[in-house]
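There are 2 protein chains.
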Amino acid sequence: MQTFTLDESQLSQEYGIGIGRWEHRPTKQPLPFDAMWCRVPAHGKSAPDEHPEVELAVVVGGTAVFTVEGEEVTARPGTAVLLSPGERHVITAAEEPVCILSVYWLPSAADSGEAG
Amino acid sequence: MQTFTLDESQLSQEYGIGIGRWEHRPTKQPLPFDAMWCRVPAHGKSAPDEHPEVELAVVVGGTAVFTVEGEEVTARPGTAVLLSPGERHVITAAEEPVCILSVYWLPSAADSGEAG
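Keeping their order, the protein sequence lines are chains A and B. Heads up: take any position in the first sequence, counting from 1, add 8, and you land on my numbering. Heads up: take any position in the second sequence, counting from 1, add 8, and you land on my numbering.
A hint or two may mislead.
One copy or two, either will do: identical chains are not told apart, so a pair holds if it fits within one copy or between any two.
As the list claims (entries may be wrong) - Here are the computed lysine to any residue pairs in the SDA-like style, where the Cα-Cα straight-line distance is at most 25 Å:
#, residue 1, residue 2
1, K53, P34
2, K36, G52
3, K36, Y112
4, K36, V76
By construction, these hints were calculated from the structure, which means they are not laboratory data.
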């Protein structure tokens, strides 16, 4: 059993938000994805981001608004948002900070995982 | 952009807790893991569970106590717990229900993902 906590992560400022990448810490088991904690300050928003990886953003705190190409989704804890490669996304926080665990992988890795 | 929410999931009773497996719903992108929402009722606990998959349990609501072989970890939203294959685990909820997104995969799938 190994724990990963947002509070104990050193966050760097990227995309206008706080980012704590898990790659800084060895995991007892290899993961089929990369992972990072994200913290959007209250009333803040991330810079637009798009990447070749698929991303699953799991909201663990606050109320986030995800915007992709004019489409808006409000996500509270108990919601996970799946972003396809190349989907340009912005995350906005309401009155309280938004905390997210983001896991992401190149599509080929997922295909290998399914076939294996 | 595709959303997955605990509230909109049909939960079945397994291991003494509510389980909503994502396999019931197609994803726009293949995932390199399986996933399920878990809901432990207030003051409830899961039956002991162990399996060959690696599991990453992301707490999104409530205060969970994970017990593995006598070791106890308290996990609130902002904590993710990585369980190794064969680690027999029990999840206990305190005064409020515990909500978790659990992702899990066979170790070989992760190895394929890393190599690919």
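Quiz item: Can you list which hints this structure breaks, lowest number first?
Solution: 1 and 2
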